[in-house]
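To convert a position in the sequence shown, counted from 1, into my numbering, add 229.
These are calculated hints, taken from the structure and not from any lab test.
Where hints are given, some of them may not hold.
[Said to hold, decoys possible] Straight-line distance between alpha carbons at most 30 Å, and here's what the computed DSSO-like set of lysine-lysine pairs gives:
(1) Lys313 <-> Lys369
(2) Lys344 <-> Lys313
(3) Lys372 <-> Lys313
(4) Lys344 <-> Lys364
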Amino acid sequence: MTLLTFRFAPSPNGELHLGHAYSALLNQQMATRAGGRLLLRIEDIDITRCTPEFEAGIFRDLEWLELDWEEPVRRQSEHFSEYKAVLDRLIAEELVYPAFMSRGEIRAFIAETEKRGRGWPRDPDGVPLYPPVDKALPMKERKRRIAENAPFAWRLDVDAAMARVSDALSWSEFTDEAMVATRAVEARPQDWGDVIVARRDIPTSYHLAVVLDDALQGVSHVARGQDLYAATGMQRLLQELLGLPPPRYFHHRLILGPDGRKLSKSLKDTGLAALRRAGMSPQEVRRLIGL
230 MTLLTFRFAP
240 SPNGELHLGH
250 AYSALLNQQM
260 ATRAGGRLLL
270 RIEDIDITRC
280 TPEFEAGIFR
290 DLEWLELDWE
300 EPVRRQSEHF
310 SEYKAVLDRL
320 IAEELVYPAF
330 MSRGEIRAFI
340 AETEKRGRGW
350 PRDPDGVPLY
360 PPVDKALPMK
370 ERKRRIAENA
380 PFAWRLDVDA
390 AMARVSDALS
400 WSEFTDEAMV
410 ATRAVEARPQ
420 DWGDVIVARR
430 DIPTSYHLAV
440 VLDDALQGVS
450 HVARGQDLYA
460 ATGMQRLLQE
470 LLGLPPPRYF
480 HHRLILGPDG
490 RKLSKSLKDT
500 GLAALRRAGM
510 SPQEVRRLIG
520 L
């Protein structure tokens, strides 16, 4: 019998906070109840923001929380060749294209369009969709710009990708952490537009790496925050294009701060290390987050 496999996958670009503690401990609880496995993955493809110091802090925090996981730990930065092979496949199948517009050029393009009274579509996170200008560039011009070292990112041609998918996309979502009932959720990857799947110097992105990692590690159940609920639609499209088995999903509640917003590393919300230094015990942390 195949064991159910869960994973906790933090990024070492800041200190873990109570929201991470909830997700990690919930995954451990669900894996234990199911008699399954819990894996730890370090999602460190952002080589500019992820540091060894933050990674060491993750291990200290998780060990303090008494989290157990199976070895070995997968570090995404050690697997760029695997992501590159998948990216090359998408390039060969003409499902991605080099996108050259800078953030300033994107803003100017959209501002000019909206000045003419036409609204510009946003993705579920509120970010404007990427303009379709680069899709019209001739191959010769694309190669010239790349040869001249022009900055670019590889973006998924979502229209071309959707045309490759024969059936309506959906995913299986658990309705609660007990994993008893599920419902089918319609996947709407088109709502995200042409997302970045790789950069010139990093042959992957969050979306591409996470679907490949889950498949390679045999992850059967993904329990993660509600803030990633809509992103699952784009990941289902990539799974379908690459022939990867989709896990089942559960998007858990978020731990909110006193002001009602979700906790954030970038806003330097109180980290687990600070709580530990203040004398809080792991049991008190569990009570604080409702586990």
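Structure versus earlier hints, numbers of those that do not hold, lowest first: 2
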